[in-house]
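Peer 1: Spelled out, the chains give:
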Amino acid sequence: MASHSSIRTMMSPLLASFRSLALTPASSNVPRTTSLLNSSTRAFSASPNVSFRGGPGGGGGAKKGNSKSKKGGPAKDPRIGLIRYYLQHPQTPRPLRFSRTRALRHWTIHRAWMLARRKKLEAEERELYRMYQSMHSACEELRLLDAPGTKDEGRLYRIAMEKKGIFGHGGVPIEYARMQTDTPGAEAWNHGWTR
Amino acid sequence: MSTSQKAVRPLARCLRSLQSQRQSANNFRTLSSSARCNVEAVVDSTPEKPIFDPETVTSIKGEKALMKSGILPIGSRRRRAAIKSSDNIPFEQLPYLCFQEARKVLQEDREEKLKLIATERLRISNMLARDPSTFKGGVLEKETKLSSMRRYLEWLKIQADINDPLIKKRFEDGEGDMNKPIYRYLADRKWREYQRKIIVQRIEQFGIVPDFLPHFEPTAEVQLAFKNRNVQPGEYIDSRVSEVAPRLKVQVFNKGERLVTVVVIDGDVPDAEKDRFGTRSHFIATDIPLSPTDTSIPLSKVTKEQLVQPWLPPFAQKGSPYHRLAVFVLEQQPGQPKVEAEKWAERDNFFLKSFIGKTRMTPIGFNMFRATWDDGTAGVMERASIEGADIEFKRKKVVALKPKQKARGWEARHASDKYKSLRR
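If you read the sequences in order, they're chains A and B.
FYI, full-length UniProt numbering numbers position 105 of the first sequence as 105, with every residue one higher than the one before it.
FYI, full-length UniProt numbering numbers position 45 of the second sequence as 45, with every residue one higher than the one before it.
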């Protein structure tokens, strides 16, 4: 219960602001959701021990929170009350429902989209693989090539495998620009530095 | 609205629907108002008695007239009005841009799959024509390769149709043709989602697997019904209901005709002399033809040649714990010898494992119900001329070897009824 109350103290200003923003401000009483809550059977709670008794103010967790109701009974989880309050409020938009044909059309489009996406991904992968393979075979070709004159075999392959200039011409990897440390330096950037 | 207009309205509607059908076949333009001109041409023809369509009737008068003639209007009035005012464009021609583009993508994919199917068929026929000696592994390798190619072909067949919305719709409406692989695949998937899980749970919780069979994986759906009483797996069935043989609905998900054997076994027959439980077979019938399309097996209508043991009504004597009545569907090997009725006439101590071992069948489907002693059991037993309705089983009183100890401590102090609620 301590965790509930801490959550509640954390959330209450937020909720108050949200309520004043989104819904018509209910000054002191619990808004009109009670009748709606009584009639509905939709249970969004995941905790089985809280039995929701549809008395007046049963869902008024937003207002009453974890204080015990006057009739007695176990205190309700305020989170459940909050969820019910906002999900079943008349200003909450209704859930999206499709007609039969519309659902089928939606499904068709969804399937086509998944198919197209998968095909694109597979084509990209295939292209990458093809490029790698062609690079590999080119290198293999170089390795087996006889060099002209007194030059030794596979000379061109060795030259191709050299990693010269991969950091720019005459460059060094950025890792060597500063001594590698576990933490950033005390002075992040020396602005006054000149050559 | 003038009377003449009122009178001619159904006729005009009739014409309009005709026209809209023609229109939808040609193009998707539904908003044109000019095409109505030929409606006026027939206004002065003689009005006839209005015929109301249950799909499109919206007026209260029309609904009443329909209901008087015994036809209920379909759906809500709002839905009917929507249907009336719309052209009956077939689903695949609905003029939504994204939907049509999606259909194009799916159709393209289907064409590819059909091409793959054609090449795979060709490859299989080539493989069949090849001499097995040309393979390194001989006949075995050829068979393995062929079976894997066939599996791939089946997969391709399913993949070609799985994205079709109309197939999905037809399957959901229960109009799928079970001869086609795609519908069998969808039905299998649906069965595995829920019904099979229930059956597997029953197999576990009622100890079917060690008690009746050493291992068992159901692959066919079996539904059980006594007359019009559908049986949920593991339900208690009144003995009067189960007096007549049930009707089975067995759905298999692989293609082809086959012969099956149906066995019903009671696994909890009390044996007081040996102080244990035995088994008893209540029904055996063999050589029952079964295919994905023809699924119904009424056990009361099996022929005399098929019958090995006729239906014995399940009964549980008074005091015995519930009896598990297991219904097994066993698939026979093609061309296997017939099960001899004389050999399997003994009902008591029927062991399914030895039956399967001797007849070389494979269990494919399972369902079960339970029986207990109830008001009708004595009558059922009398009608079936089974003895022992007057027997009542009682637990044997086990005398403790140690003398009972006097209560001491907390128990002695709380011995009075005042603390009854505290006692366990």
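Check the hints yourself; a few may be wrong.
[Unchecked claim] Below are the PhoX-like pairs computed for lysine-lysine, each with C-alpha atoms no more than 25 angstroms apart in a straight line: (1) A:Lys119 with B:Lys157; (2) A:Lys119 with B:Lys197; (3) B:Lys104 with A:Lys119; (4) B:Lys115 with A:Lys120; (5) B:Lys318 with A:Lys120.
[Said to hold, decoys possible] A short, non-exhaustive set of chain B residues, derived as facing chain A with CB atoms under 10 angstroms: (6) Phe91; (7) Pro165; (8) Glu172; (9) Glu175; (10) Ser300; (11) Lys304; (12) Trp311; (13) Leu312; (14) Pro313; (15) Arg423.
These are computed hints drawn from the structure, not numbers from a lab.
From the three backbone atoms N, C-alpha and C, an ideal C-beta is built for every residue, glycine too.
Peer 1: Under 10 angstroms, Cβ to Cβ, is where phenylalanine 91 of chain B needs to be relative to chain A, so tell me if that hint holds or is violated.
Peer 2: holds, 6 angstroms
Peer 1: Would the stated hint for glutamate 175 of chain B survive a check requiring a Cβ distance to chain A of less than 10 angstroms?
Peer 2: Given a least distance of 14 angstroms, the restraint on glutamate 175 of chain B is violated.
Peer 1: Minimum Cβ distance from proline 165 of chain B to chain A below 10 angstroms?
Peer 2: holds, 5 angstroms
Peer 1: Hint check: is the beta carbon of arginine 423 of chain B less than 10 angstroms from a beta carbon of chain A?
Peer 2: Violated, about 26 angstroms.
Peer 1: Let's test the interface hint: is any C-beta of chain A closer than 10 angstroms to that of proline 313 of chain B?
Peer 2: Cβ of proline 313 of chain B sits 42 angstroms from chain A, so the hint is violated.
Peer 1: Going straight from one Cα to the other, do lysine 115 of chain B and lysine 120 of chain A come out at no more than 25 angstroms?
Peer 2: Holds: lysine 115 of chain B and lysine 120 of chain A sit about 20 angstroms apart, inside 25 angstroms.
Peer 1: Hey, does the serine 300 of chain B contact hint survive, CB to chain A under 10 angstroms?
Peer 2: violated, 39 angstroms
Peer 1: Close enough to count: is the Cβ of glutamate 172 of chain B nearer than 10 angstroms to one in chain A?
Peer 2: Holds - the Cβ of glutamate 172 of chain B comes within 10 angstroms of chain A, reaching about 9 angstroms at its closest.
Peer 1: Lysine 318 of chain B and lysine 120 of chain A: Cα distance at most 25 angstroms?
Peer 2: Cα-Cα ~69 angstroms, so violated.
Peer 1: Holds or violated: the hint that leucine 312 of chain B contacts chain A, with Cβ atoms closer than 10 angstroms.
Peer 2: This interface hint is violated because 45 angstroms lies over the 10 angstroms limit.
Peer 1: Would the hint on lysine 304 of chain B be counted as holding, given a Cβ-Cβ threshold of 10 angstroms to chain A?
Peer 2: violated, 49 angstroms
Peer 1: Should the interface hint for tryptophan 311 of chain B be scored as holding, given a Cβ-Cβ cut-off of 10 angstroms against chain A?
Peer 2: Because about 43 angstroms separates tryptophan 311 of chain B from the closest Cβ in chain A, which is outside the 10 angstroms limit, the hint is violated.
The structure fails hints 2, 5, 9, 10, 11, 12, 13, 14 and 15 (numbered hints given earlier, in ascending order).
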